[in-house]
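Q: Given next are the chains, with one letter for each unit.
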Amino acid sequence: MLVFDELKKNEPHLRLVAVGLVAGLCILLAGLWWVQVVSSREYQEHLTTQAYRTIRLPAVRGKILDREGRVLAENQPRYNLSLYLDDLHQPFDAAYGEFLKSARSAQKQNIDRAEKKLDRSLTKAERKRFAFTPEQLQALREAARVRVADAVVAQVSQKIGQPLTLDPVAFNRHYAARLALPFPVLKNLDAAQIARFEENFSGTLGADLELQSVRSYPLGDTAAHLLGYLQRHDDSQEGEDAVFNYRIPDFSGAVGVECGFDDQLRGRAGAESLLVNSQGYRQSETVESQPEPGQNVVLTIDLDLQRAAEESIASHHVPGALAADARAAVVVMDVHNGDVLAMASSPTINPLFFNGGLPPDEMQREAARRADVKLRPEINRATQENYAPGSIFKVVVGLAALEAGLNPEKFYTVQADPTRPGKGCVYIGRRKIDDTAPPGEYNFKRAVERSSNSYFIQIGSDAGADRIVALAEKFHLGENFDLPTRQETSGNMPSEDRIREGWSAGDTANLCIGQGEVSVTPLQMAVVYSAIANGGTVFWPRLVSRIEPQDPMSHDVATNLPSALVCDHIGVSGRSLRILHNAMLAETEDVEGTGKAAVVPGLRICGKTGTAQVEDEHNRVVDHTTWFASFAPYENPKYAVVVMVESGISGGDSCAPIAHDIYETILEKEKSGAGKILAAAY
Amino acid sequence: MFSTGTTPRESFDRLQIAALVGLMFIGTAFVFSATMVNDFAAALPWYDQTWVRQIVWYALGFGVAAAMCVLDYHTLARWSFVAYWLMIICLVAVLIPHIGSMRFGARRWIDLGFFQFQPSEFAKLAFILAGANFLSRPPDELKQPVIFWKGIGLMLLPFGLILKEPDLGSALVLLPTGLVMMLVAGTPRRYLLKLIGIVGLLAALFVVDLKFLPARWQVPMQDYQRNRLLIYFGRDYTDFAPPHATPAELQRMKQRQADDGYNIRQALISVGSGGLLGKGWRQGTQNALGYLPRAVAHNDFIFSVIAEEEGFVGGVIVLALYAVVLFTGLRIAGQARDRLGKLVAVGVVTLIFSHVFINIGMNIRIMPVTGVPLPLLSYGGSSVLCSLFAVGLLQNIHIHRRGY
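As they're listed, the protein sequences go chains A and B.
Under the numbering used here, think of the first position of the first sequence as 13, with each following residue one higher.
Under the numbering used here, think of the first position of the second sequence as 968, with each following residue one higher.
You may find that some hints are simply not true.
[Stated by the list, open to error] Estimated spans, in silico, between C-beta atoms of each pair:
| no. | chain 1 | residue 1 | chain 2 | residue 2 | range |
| --- | --- | --- | --- | --- | --- |
| 1 | A | Lys120 | B | Asp1226 | 18 to 28 angstroms |
| 2 | A | Val31 | B | Phe1082 | 37 to 47 angstroms |
| 3 | B | Leu1217 | A | Arg208 | 47 to 57 angstroms |
| 4 | A | Asp179 | B | Val1174 | 52 to 62 angstroms |
[Said to hold, decoys possible] Computed, partial: chain A to chain B, Cβ under 8 angstroms:
| no. | residue |
| --- | --- |
| 5 | Val29 |
| 6 | Leu37 |
| 7 | Gln48 |
| 8 | Val49 |
| 9 | Thr66 |
| 10 | Ala416 |
Simulated from the structure, these hints should not be mistaken for laboratory data.
Note that the structure is predicted; figures quoted are calculated from it, not measured.
Glycine included, each C-beta is placed from N, C-alpha and C at the ideal position.
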């Protein structure tokens, strides 16, 4: 180094100075190295933390469709009017400047007045008392902002013709916590307001329309239980970032298909990052990842059948003392593959109750209904409540007896009931069980027609409770179907162990007439009757047919959910089934049959009515659960229809008419659409 | 030998001039980047824009310094004491309320309308000239204690006046400058060592007092100065709260601590996030988004802007350019023809180095925050003019290094 060579010769002091310079520069160099190279990442993180905000963008929710693609649940756009505060920060500063100026002149006046009173100039300490505290300045700033925001809101409100107010507390809170996000002033503008706003204000002023997507159920409360409802749920799902600065409101299903298929419906949230400046105002935004829209869920439900079922329940309901609305359930099933074509449950709650989409008086009414202990509108009575099956269980008893060697032509005598003229009875030990059928001779067919308790108790006891229970197990009664809707109970069926010990003849008798420890759900009975109809195959019930992408142009492929999944085979001979089919046909077609009301001209229906007693703790009868379980057409069964009405009069009176309406609709659809409902005809 | 009294002139030290031009170019570019960040700035007429003004100061300073090089530095030195006492008068004047204008709590400038005249900058140059003149007497004279203390007094007078403004940073740079000049002049070691020893002891006691001792034992000083040192040493303001402070007041002190430490925190984030290569000219987000306060980004913290935008590489280039200026200055000192020249050169070199070290050190937190500009890169008329005059003096000594 030239300099050093020269200095070495004769300038020790300069050499010392040179060494000092080098040392100093090296210290600076080392410091720079430490900060810029070694610690660079840490400072970059500080920069990101103070300058970037992330926002979670929820995706558009998938629709729920019926089997023909008709919409049951979809999304509607909702327009909110919001203030975009980053556009307003210059007016904010200007207003603050004005406020400060006037505050300062007021302060000066105060000082002058004080000086005049004391007749001298104030000392520094005394002047300090008049100085502005940080809280006062902060209050001035807030007041300035509220003034500017108020002015904008007033302008907008005048032009769109709707009185609007700005809540200063909410506004200041939003400013402090969520400055980079827009502040909503008016939610859910209608078309006229949107038009007026766009005419007068596009592109100016810091106020703009913000688009949100809101779930809507265009058919009201049709299939409400099956669809379910949404709840507010902003959390990140699996596979998303866990940490966001702001989350735009998102929803997830609480029950029903909305819940069971929430992952597919919800899609995948996107992320946006905002660059904010040192005061927190938004400078620019980048969409880091686009949200992926959710997929559509196609149900197996046929909308026409569903509506027919619901309307029929409502129209046949006689308002009684117990509750204003009908409490009933209907399940319509395709016997060849287990597809649920209709699943109605009454009463229902309007799904919009859960996300505040109803006007206030309706909300109150729904809330009162929801709290009603008897009504319990949230329960899906088709799958979520256990009912005593009553006489509709007799088909299982009958099949078990036939398999055990019962001769269907053998007549049993049913004795008369001494206390009830014209009705039969049977004695188990000392206990008398009433029979709704009159005394006389009954073979299998007549017993089914008239639903004779005595006959079935007789044949059931002969066959043995173990056989009945074994067959019931093959039908998978007492077990869950693991429905995706999370609205399920398993019913109750005594197990083989239960029968072995502590089981009396009386219990068997109860079993034979579908009372006592037996309880089922309407869906389970639909599966049972479908199995009986199709020759003995128990299918898993299917609610969802396929999942497909929302955008028909997308490259994603639809997923078909497996259908016709076999759960079990009941292993009953064709002869037994035929005997049963004939007996059930007689129930609807014969004069004596209890199910006459279901008959539809042009369709041969096999059915079984049932009336189960509901007892309280003291074994007193307080209510009846009425049933009508059926399948049609007799020649080549395709549909199974199970109707259950709580607190009905009898199966034939309360339930069969509803089934009638449903079969009528089925017949119409088949005639008009040439078999459009079902593809399977085997 | 010649009657006119002029001496033959050599050519300029080209390397130093080149480094100077490099620094001026960087200064213009980054003052531009630091100030042209919003529409408001861009809307100003071109003659009002900051970087244009910086160019004007560069041109002016360069011109005057070049003109000064015509004269031998001895001629200038003859006027050194006049200049010195003139500057002392200006320093006293600036402290008088209606002459000196108060800004950011300090009285450092005299407002001359188009130009904010900062006497402390010029006082440093006057001190170097006067001090060199004083110390260029025969070395034997320097051995006398009286002369030694006179020299110290020469240094302490402007030091005290500048400290009173208050401007701790500018005052501080006088000390190493004076001491190095005395060392090179040949003041006996033992005087200097004793002096350094005493000062070092006082400084160490001061630091210990500040860092570790409770409030009652603290040396009295101005609030904001204490706050700066507290930030630097990482102590909480709340340690110095009056005994019956309410929680609200403590909260306010914490808030003020956050606010006071804000500059240095943002400067560190700027410097650190620049990384190795920086973000690119005018791409620095800290400055554009206002995190680095606009008031200081173009002068005291200009190095943060450079560091963020050009990274470690940029910082090294800046240091290298300064190193060239300083070491060529030392070479000039070595080749000076007499003690006066050598002392002036050494004084200028130390002055520039002190500014660089304190300012860059402040940006990376190895020095507490003091208002010392970065020579030639910070925006500011007085600072630019004095830096160019100082380097002009070096060139002057270089040109007139042969007396024959």
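Q: If a hint holds in the structure, say so; if it doesn't, say that too.
A: Against the structure, the hints:
{"no.": "1", "hint": "A/Lys120 with B/Asp1226: 18 to 28 angstroms", "in the structure": "holds, 26 angstroms"}
{"no.": "2", "hint": "A/Val31 with B/Phe1082: 37 to 47 angstroms", "in the structure": "holds, 39 angstroms"}
{"no.": "3", "hint": "B/Leu1217 with A/Arg208: 47 to 57 angstroms", "in the structure": "holds, 53 angstroms"}
{"no.": "4", "hint": "A/Asp179 with B/Val1174: 52 to 62 angstroms", "in the structure": "holds, 54 angstroms"}
{"no.": "5", "hint": "Val29", "in the structure": "holds, 6 angstroms"}
{"no.": "6", "hint": "Leu37", "in the structure": "holds, 6 angstroms"}
{"no.": "7", "hint": "Gln48", "in the structure": "holds, 4 angstroms"}
{"no.": "8", "hint": "Val49", "in the structure": "holds, 6 angstroms"}
{"no.": "9", "hint": "Thr66", "in the structure": "violated, 16 angstroms"}
{"no.": "10", "hint": "Ala416", "in the structure": "violated, 86 angstroms"}
Hints 9 and 10 from the earlier list are contradicted by this structure; the remaining hints agree with it.
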